[in-house]
Amino acid sequence: MKAWIAAHRQALLLVLKKLHMAPLANLIMIGVIGVTLSLPAGLYLVIDNLRTVAGTVGTEPQVTLFLALDSTGTDIKDIEQRLAMHPAVRDFQFLGREAAWRALKEKNGLNDTLADLEKNPLPDAFVIHAKSTDPVAIEALQQEFSGWPHVEHAQMDAAWVKRLYAVLQLGNKAVLILTGLLGFALFAIIGNTIRLQILTQREEIEVSKLIGATDRFIRRPFLYAGTLHGLLGGGVAWLILLAALYIFNLSVSDLARLYASDFELQPLGLDASLALVCGSAALGWLGSWWAVSRYLSRLEQS
Amino acid sequence: MITFDQVTKRYPGGHEALRGISFEIGKGELVFITGHSGAGKSTLLKLAAAIERPTSGTILVNGQNVGKMRRTGLPYVRRNFGLIFQDHKLLYDRSAFDNVALPLAIGGITGREAGKRIRAALDKVGLLHRERAMPISLSGGEQQRLAIARAIVSRPAILLADEPTGNLDANYATDIMALFRSFNEVGVTVLVATHDASSTDAGRLLHLDHGAIAA
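Keeping their order, the protein sequence lines are chains D and E. The first sequence: position 72 = 72 (my numbering), numbered continuously. The second sequence: position 201 = 201 (my numbering), numbered continuously.
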């Protein structure tokens, strides 16, 4: 165990010494890895933020009934009864036109525009949640409601949220594909860097093998180098995202203020950050493993 | 300590470097392997050190059949040997001290203990005052002695040297041979391959001729 720790310490020190000896080349390398990784991570960030926005809107499909403006109190009672008895309705809520008008005035900074209107243009409305969330069933329900007396219009509110979700789903797939492709690129980049390092140390490896070095001994410093490159590259990607986010948020908060909202883009969560850095380190490890193994098996054949 | 039994080595292309040779070398022996160039001296050493595998026949080192050994076991067999190559195989990107440090690092010995051993080995070959020198700045004889220091630093039981005096003038050659003899006197088994039969006194001779042992 002690020997094992000493061996790893020795390999790590060797790698750090090599990093120190060629700082510029290594920095550029780490920068390239960072930029490569920041692309899929950035896309993920954007989609994640969109999802957060969509989440605050509410995702449950609902049907809104707008009553004719001339509906009376008994008409409303009538519809209320029908809804209460309807087997497909889970719950519903009545929105009186006066209350809705007040709420609208208080919200969203539209006050200036609304002040110009002299009378309340809003109808009475019912917001209905169906028992089923199946879009087809809800659409049938919507059809049925629009045939009722005094119902001016029945609207499915969830349609655009669903569309947004579909787009986000697409975005998720794009992130996956991009991660796959750039992950492979990263593997190749790091593998190739390590391969070049191996070539400069060909003699050392050859002599080491002749005098009894195990493959593991030869591989160890290269694995450390590759993993370290990946780790630092992942860190750089994270910093790039943080910087981009900061710059974006300067504008986003301006924009959000115009809509009287305090929305701003959120940075990567802890688990996503860890996934980014650890995934990058893992790719570095894999890339260098592949490079060294390929070299060693060639050495064996010659 | 080392036993060859009917060992044949055929290289790809059909060249037969060794043809069914058998011999035995006991612990603490000093053996000179002589023969013309191409007689199979280097091949014999490479087979003994498990760098190459025999085409047929059995090679035992310390009772282990190295020809049949699994790949992962070979490094540990090789650590029984101190190897001195015809072309030194020194690493020119590091100091004399660091060159000698390599076998210890492979064996997992570092730090102060390693430093002590490295200086002892350098002292033994008379290069202690050059520990910081780069190999390129050393003379041919000094480079060869540095290679010897590297071979003995991990205190191997067997020393294998392939033409250690090949490129040296007579004075250096005598020095080097004296060095081998001194290792042999403290119990190390020494095998030296040489085409130069003049400096092989006081040792057993193994003469190779076209891949076979000539009496």
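Hints were generated in silico from the structure; no laboratory data involved. Everything numeric in this text was worked out from a predicted model, so none of it was measured. Beta carbons: idealized from backbone N, C-alpha and C, even for Gly. Be aware that a few hints might be false.
[To be verified] To be clear about the criterion: a stretch of chain D counts as covered by chain E if any three or more of its residues have a C-beta under 8 angstroms from a C-beta of chain E, and this derived list gives those stretches:
hint: 1; stretch: 6-19
hint: 2; stretch: 210-222
[What the hints assert, rightly or not] Pairwise CB distance ranges, derived in the manner of DEER restraints:
hint: 3; chain 1: E; residue 1: 62; chain 2: D; residue 2: 31; range: 46 to 54 angstroms
hint: 4; chain 1: D; residue 1: 278; chain 2: E; residue 2: 115; range: 54 to 62 angstroms
hint: 5; chain 1: D; residue 1: 12; chain 2: E; residue 2: 95; range: 20 to 28 angstroms
hint: 6; chain 1: D; residue 1: 239; chain 2: E; residue 2: 65; range: 31 to 39 angstroms
hint: 7; chain 1: D; residue 1: 301; chain 2: E; residue 2: 23; range: 26 to 34 angstroms
hint: 8; chain 1: E; residue 1: 11; chain 2: D; residue 2: 275; range: 49 to 57 angstroms
hint: 9; chain 1: E; residue 1: 128; chain 2: D; residue 2: 35; range: 23 to 31 angstroms
hint: 10; chain 1: D; residue 1: 35; chain 2: E; residue 2: 14; range: 49 to 57 angstroms
[To be verified] Listing some non-contacts, in silico: residues in chain E with all C-beta distances to chain D over 12 angstroms:
hint: 11; residue: 37
hint: 12; residue: 83
hint: 13; residue: 92
hint: 14; residue: 108
hint: 15; residue: 110
Cross-check of the supplied hints:
1. Under a criterion of three residues with beta carbons nearer than 8 angstroms to beta carbons of chain E, the stated coverage of the stretch 6-19 of chain D is upheld, 3 such residues being counted.
2. With a threshold of 8 angstroms between beta carbons, the proposed coverage of the stretch 210-222 of chain D by chain E holds, since 7 of its residues qualify and at least three are required.
3. In this structure the supplied range 46 to 54 angstroms holds for residue 62 of chain E paired with residue 31 of chain D, their Cβ-Cβ distance being about 52 angstroms.
4. Taking the beta carbon of each, residue 278 of chain D and residue 115 of chain E are about 38 angstroms apart, not inside 54 to 62 angstroms as hinted.
5. For the pair residue 12 of chain D and residue 95 of chain E, the supplied restraint of 20 to 28 angstroms holds, since their beta-carbon distance comes to about 21 angstroms.
6. In this structure the hint that residue 239 of chain D and residue 65 of chain E lie 31 to 39 angstroms apart at CB is violated, the actual value being about 57 angstroms.
7. Residue 301 of chain D and residue 23 of chain E have their C-beta atoms about 30 angstroms apart, which keeps the hinted 26 to 34 angstroms range intact.
8. Taking the beta carbon of each, residue 11 of chain E and residue 275 of chain D are about 52 angstroms apart, inside 49 to 57 angstroms as hinted.
9. Remark: the range hint 23 to 31 angstroms for residue 128 of chain E to residue 35 of chain D is contradicted by a beta-carbon distance near 51 angstroms.
10. Taken as a hint, the range 49 to 57 angstroms holds for the pair residue 35 of chain D and residue 14 of chain E, whose Cβ atoms sit roughly 55 angstroms apart.
11. Under the 12 angstroms C-beta cut-off, the non-interface status given to residue 37 of chain E relative to chain D holds; the minimum distance is some 21 angstroms.
12. Not every C-beta of chain D lies more than 12 angstroms from that of residue 83 of chain E, the closest at about 6 angstroms, which undercuts listing it as non-interface.
13. Not every beta carbon of chain D lies more than 12 angstroms from that of residue 92 of chain E, the smallest distance being close to 8 angstroms; the non-interface claim is violated.
14. In this structure residue 108 of chain E is not separated from chain D by more than 12 angstroms, as the shortest Cβ-Cβ distance comes to only about 5 angstroms.
15. Consistency note on residue 110 of chain E: stated as away from chain D, yet its beta-carbon is not over 12 angstroms from all of that chain's, at 6 angstroms minimum.
In the structure shown, a violation is registered for the earlier hints numbered 4, 6, 9, 12, 13, 14 and 15, in ascending order.
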